[in-house]
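I would like the entire structure built from these sequences, with the hints used as guidance.
One-letter residues, chain by chain:
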Amino acid sequence: MAFTFAAFCYMLSLVLCAALIFFAIWHIIAFDELRTDFKSPIDQCNPVHALVLPEYSIHSLFCVMFLCAQEWLTLGLNAPLLFYHFWRYFHCPADSSELAYDPPAVMNADTLSYCQKEAWCKLAFYLLSFFYYLY
Amino acid sequence: MHVPSGYGLHPQNYIAPSGHYPQGPGKMTSLPLDSQCGDYYSGLYMVPTQNMVTPNTANQQPGAQQMYGRGPPAPHIVGSTPGSFQGAASSASHLHTSASQPYSPFVNHYNSPAMYSANSSVASQGFPSTCGHYAMSTVSNATYPSVSYPSLPAGDPYGQQMFTSQNAPTVRPARDNSFSGHSMAISHPSPLPPPPSHQYHQQQSLSGCNTLSWSASGLPSTQDNLRNHTGSLATANSNPTNTAADSLSCPVMQNVQPLKSSPVVSTVLSGASSTRTPPAANRPAEPVASVTQPSELSQQKGVDSSSTTSSASPVPNSYDALEGGSYPDMLSSSASSPAPDPAPEPDPAPASAPAAPQPSKMAKPFGYGYPTLQPGYQNATAPLNSGVPPSSPAYSGFQQYAQYPGVNQLSSSLGGLSLQSSPQPESLRPVNLTQERNILPMTPVWAPVPNLNVDLKKLNCSPDSFRCTLTNIPQTQALLNKAKLPLGLLLHPFRDLTQLPVITSNTIVRCRSCRTYINPFVSFIDQRRWKCNLCYRVNDVPEEFMYNPLTRSYGEPHKRPEVQNSTVEFIASSDYMLRPPQPAVYLFVLDVSHNAVEAGYLTILCQSLLENLDKLPGDSRTRIGFMTFDSTIHFYNLQEGLSQPQMLIVSDIDDVFLPTPDSLLVNLYESKELIKDLLNALPNMFTNTRETHSALGPALQAAFKLMSPTGGRVSVFQTQLPSLGAGVLQSREDPNQRSSTKVVQHLGPATDFYKKLALDCSGQQTAVDLFLLSSQYSDLASLACMSKYSAGCIYYYPSFHYTHNPSQAEKLQKDLKRYLTRKIGFEAVMRIRCTKGLSMHTFHGNFFVRSTDLLSLANINPDAGFAVQLSIEENLTDTSLVCFQTALLYTSSKGERRIRVHTLCLPVVSSLADVYAGVDVQAAICLLANMAVDRSVSSSLSDARDALVNAVVDSLSAYGSTVSNLQHSALIAPSSLRLFPLYVLALLKQKAFRTGTSTRLDDRVYAMCQIKCQPLVHLMKMIHPNLYRIDRLTDEGAIHVNDRVVPQPPLQKLSAEKLTREGAFLMDCGSVFYIWIGKSCDNNFIEDVLGYPNFASIPQKLTHLPELDTLSSERARSFITWLRDNRPLSPILHVVKDESPAKTEFFQHLIEDRTEAAFSYYEFLLHIQQQICK
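Top to bottom, those sequences are chains F and H.
Residue numbering for the first sequence follows my numbering, starting at 4 and increasing by one per position.
Residue numbering for the second sequence follows my numbering, starting at 639 and increasing by one per position.
Hints are all accurate, no fakes.
To list a few chain H residues with every Cβ distance to chain F over 10 Å, as calculated:
#	residue
1	A1210
2	T1241
3	S1281
4	D1290
5	T1325
6	S1437
7	L1689
8	P1766
9	L1804
Derived pair list, reagent style EDC-like, types lysine to aspartate or glutamate, alpha-carbon separation capped at 20 Å:
#	chain 1	residue 1	chain 2	residue 2
10	H	K1739	H	E1725
11	H	K1122	F	D113
12	F	K120	H	E1511
Derived, one-sided and incomplete: chain H residues facing chain F with beta-carbon distance under 8 Å:
#	residue
13	L1397
14	G1401
15	H1479
16	T1480
17	R1488
18	T1490
Don't read these hints as lab results, they were simulated from the structure.
For clarity, every value in this text was computed on a predicted model and none was experimentally measured.
Beta carbons: idealized from backbone N, C-alpha and C, even for Gly.
This is the structure in C-alpha cells:
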C-alpha cells in the first residue's frame, strides 16, 4: 500500500512545516522591528507570545506522529528541538503563561541577539526538514 | 566647511570670530578619508594644532593674525561677524566644504575678495616666508582674509606650516560697532556684575591673552592664578604694541609674549599640576613653536574679546562653580582618587600630581602620557608652556620659550612619541596589595578626572551625575577584553542640583540625524554650522541660536549656555508632548488588615501627610486619592461639597470596578478639608478590624484603573503576604536555609502578575512605589516587580512596629518626609546616546526599556540611579574623544515639559596601561554589583559570587601580564585599582551576596533592589561604609559649612583592629549610622556627648545625641549633621555599646575582618593570588 500512515505523516508535516517556517520568519521580523525601535516591546511581545505556543504544539504534534509511524530517523532529527522546546517551556520564568519572551528583558541586547539567533536557527532547521519531508 | 575634503566633515574648528583660525587637526589630517570622526577632537580642543593664533586683543587693534597651519589642515574660515562679513565668510566656507581639493579653490576664493593675492600665492606655495607674509598682512589689513593655506603634505614639518594672516582691521571696527548696537557689553570690564566679574574677567583674560591663556590651558588652576593678573593682562592686551607684536611674525611675537606672560605662568605652574604635558613643551632642545592660542578661547572671545568676555552670564552655571573651587562640585570633580585633597585648593589632577613616586620622573615630562593624543590635543599647552612641564612643580619658574615657531608640529609630534616613554602616572603606580597595609586613603575617594584638555575638563559633567567605569575609553573591544574590566556608565540624572541653567527657547538645537542635543563638546565649523559630536553630522545653527540671551549679543552661538554647560535643562515645547502635560496625581493604597493596624504605620503616614500636604510637589491641578484594602477594597469619595469623606466598599475582588470613578481622585486644594478629615480619621477607623487577609492584587488593579486616565504616582503600603485574589503569594522562604552556603532560591518573582501590572502601569505613565513594612516574610522578590518595571521605588522596613521598634518608625517618618516633598517628574523618558561605535547593551535600575536606548520612566525621582553596560562595536581609532549624553524628558510637578541633558566627554586611549590608569574603581564596583544582581537572579547566587571574584582575578592578572618586570609572587595592582579587591570583598559580605551568615530572604532581596536603583554615592556607602573615630574630634582640617565648623576625622579601615576600647567610632553606612562606644571609653566623652555619666549608664537603645553645650558634643553633632545633609534619606543613628547585642549589626560591617563564613581581607588577597597563579 503506497499510502501508508508514514506517508500521511510526511505530507501533513510538510504542510505544518510550512507553517512553522512562516512562524520563524515572523519571529525574525518581529525581533528586527524591535531592534530598530519600530515597536514597543510590550506591543511586540504579545503577538510573539501568541505564536510561541502553537509553534511548540505543532512541532510536538508531528513528533508524536513520527513516533506512531515509527519513523525513527525523522524522530531522531526532531528530538533535539523538541527537548529544547520543552526546556524553554518549563524553564521560563514564573508562570508559564509568559512564554520565553519577557518584555522588560527582551530589550537587553544579549537577549535580543540570542532570540534572533534562535529564530534564524529554527528557520534553517524547518527549511531543511521541509525538504527532507518533501523527499 | 572649510574643511578640505580630507577633513571632510569635521568642522572641528570653531570659528573664531575674531579671525583666528585654528586649524586643523594634527596627524589625522593626513588621512584622507577620516571623514568624520577624525578630528573632531580638534574642534573641541580647538587648538589642535599649534596654530598660532594671536588673540585679538584689544578691540580696536587688530593686528595681523597669523595662523600656522599644520597640516593640510583645514583652513578655517571664520565668519564671525554678523552682517556682511558673515555672509562672505560663510559663503567661503561653503565653498571649501565642497571643494574636494581644497586649496586651490580656496585660495582663489580668498583672493578675490581680498587683496591678498600676494598672501595667497605665498601660502599656496607652501613655504611662506614669514617676514614677507607678515609684512603683507600688516599692510593688508583692510581685508578680512581668514585663511590658512596649508598646501603641503603633512609629512614635512616645514611644509606644513603655513602662515595665514588675516587681519581684519577694517572689518573689526565695523564689528565693534555692530556689537555696540547690540549690547553694551563692548567696553571691557564695565558691565560686569561685581561678583562674577572676577571670573569673567578672568575668562576674559584668558581669551584675550593669547599666550597666557594658553599656558593656562594646560594647568587647571591657572585660572585662579590668572585672576590676580587679569588687570595687567587686560592692559597688556589693549596695549597696541603688544597686539602688534602678536600680529607680527612669530619670532617677534614670541619674544614679546613670554615677557608678558611669564609672571603669570610661573605662578600657575607652581600652583597647579597639570595632567597633561604638552609633549612639545617638554623638550627644551627642540624649537618649539610659537604662540598658539586655543581656538576655543578664541572662539569664546567672539568677535571681539572685550565684548564677549564682559558679558557675564547671569545664570549660575557650572562654570562658575568649577572655577570657584569651593563648590562641592568642584571638589568632587577636581579631586581625583588617589590622594584627594579635600581642601578647596585647586589640585585638579592629583593623580599626576602626587607625582613621581620616583624622583627621577620629575625631570622628565610627566603627565598622563597618552601617546594617542594627537598633537592637536597637546596643543592645549601653549607656547609658553612649551618650556614647562606643567606637572612637576620643580619646573615652575623655569620656562623655555620657543624659539622657532616653525617647528611646532614637529616638536609636538615628537612630543607625542616621547610621551610613550614617559613614566607612568600615579594612577598606574604598581601597588603590592599584600604588603600595603593601609590601602584605604584617609579621605573619601573621589572620582578620577578624565584626562582631558582643561577647557573640556571644566565643561565636563559632574561625576555626581554621570560617571563611567573607565575614564579612558579603550579604542577597541579587543583592548577592553584584554583589560578585563567592565565598561559602563553610572547615572544619577535627576539629582537635586543647586545650580542648573534652565533654557527657554523656541527651538531646541539638536542634531538632525541622531537627535543629540547641542552640548559643549560639539564643534562649530563656522558661525552657521556645528558638527555633532556623536554622529559627526554637520548641522545648521538656527537663526535663533545666534542670539545669546545672556549676553544679549548676536553671532556667538558658542557662548550660549547650552554650549557652556554640560548639564542643562530645556523647557520643551509642545513638540515634546504626546498629550497635554499631566497634573501631579498621587494615590495612596493602604493596607488596613489586622496586621497593618497592629504595626501602626497608619498613624505615622497620616501624620506625615498632614504635615506635608502643602509641600507635595504640584500645581493647582494636583490631585490626590486614597484607597484602603483588607479582604475588600475601600474607596474614599472626597468630592468637594460633601460634608465628610464617604467610604465606598467593593467586595467583589475578582472583578474590581470603580464605584464612582470621577470623585475618587480629587483636587488637593478644593477638597483639602475633606482630605484632612480623612487623614485624621483613618488611623482609628480600623482599630478593631479582625480581617487578616490582604487583597493586594485586586487593590492594585483598581488603582491602575483609577490612574490610567492621567498617570501619576501610586504609593502602596503593604504589611504582609497578599493572600486573596489575583497576585496571591505563598511563603517561599525556608528559615532553615537562611544561613545556607549553598543555593539561595527564590530570588526571582513567584508570579508574573506584578510584573504585568507594572508594565501596564508603565504604559499609562503610572509608577508604583512600594513601602513594605512587615515583620515576616512577604516575598519582596515578587512584590518588588511592581516597582521595578514601573520606575517606582522600594522601601522596606523589616519588623516594623511603631512602639516596639521606634527606630524603624522614625526612619519611616523621615523617609516619608523626603518622599512626599522631593521633586518628582512625571511621564518621563530617558534616552542615552553615545558616540558612534559604542553601544549600550544592558540597563540597570527601575524602568522599562522601551527600545534599545530609551528607558520609559513613569516617574523619576531625585534618588534614582541607573547603570548601563557598554560595548564597543566599532573601533574608535579615528576619534580621540567619545561623548555620552543622557536626555531626560519629563513633566515637572508644575506641568512643564522639561528636558534635562547631561553630557560627558571622555578620551579614547589605545594602550592597556592607559586603560588601567583611568579606572574609576567605585563606578566599576557599582556596575559589577548591578551585574551580579542580575546574575544571581537569572543564574544563582554562587555564580554571581564567583563572577565577582573572577572580576578581580581577571583584571589583576591581566594587569600583571602587562607589567613585565615584576616578580610574580606578589599581588600587584595599579594604584587606580588598589581598592578593587577590598570593594569586591565588601560586596561579597553585603547582605545581597553573602552566604553562610543568616540573612532573611527579604533582606537579601531588598539589598539587591537597592543595588539596582541607588545612585553611586549612596551605593558606595552601603557597600563600603565609612568609619570615623569621633571621641577625639579636633578642628584640624575642619571645613566650614554655613557658619558651622565641621571636623573632618580621617577614615579608618573597616577592621576591628582599629577599634580600641578607649574610643568611640562612627560608622556611616549610608542609610544608617552606628556609634560604637568602647568599654573603657573616656567618661568625659560619654558625659559631654551622650549626656550619661559613664559607660554603664548608657541605655541599650539610644538613637539621638542630646544637644549638649560642650565643645565635643558640638563637634560630634555638627559632623553628624553634615554627613546627614549630604544625603537625601536621613539615616537613623544607633548608639551601640560594646557588649550589647546590637553590636553584631555593627561588626558585620567590618568587612576587613574574618567571619565564620568569609575571608578576611588578607585571606581574600591570598585567595586571589592563588587564583591568579593557577
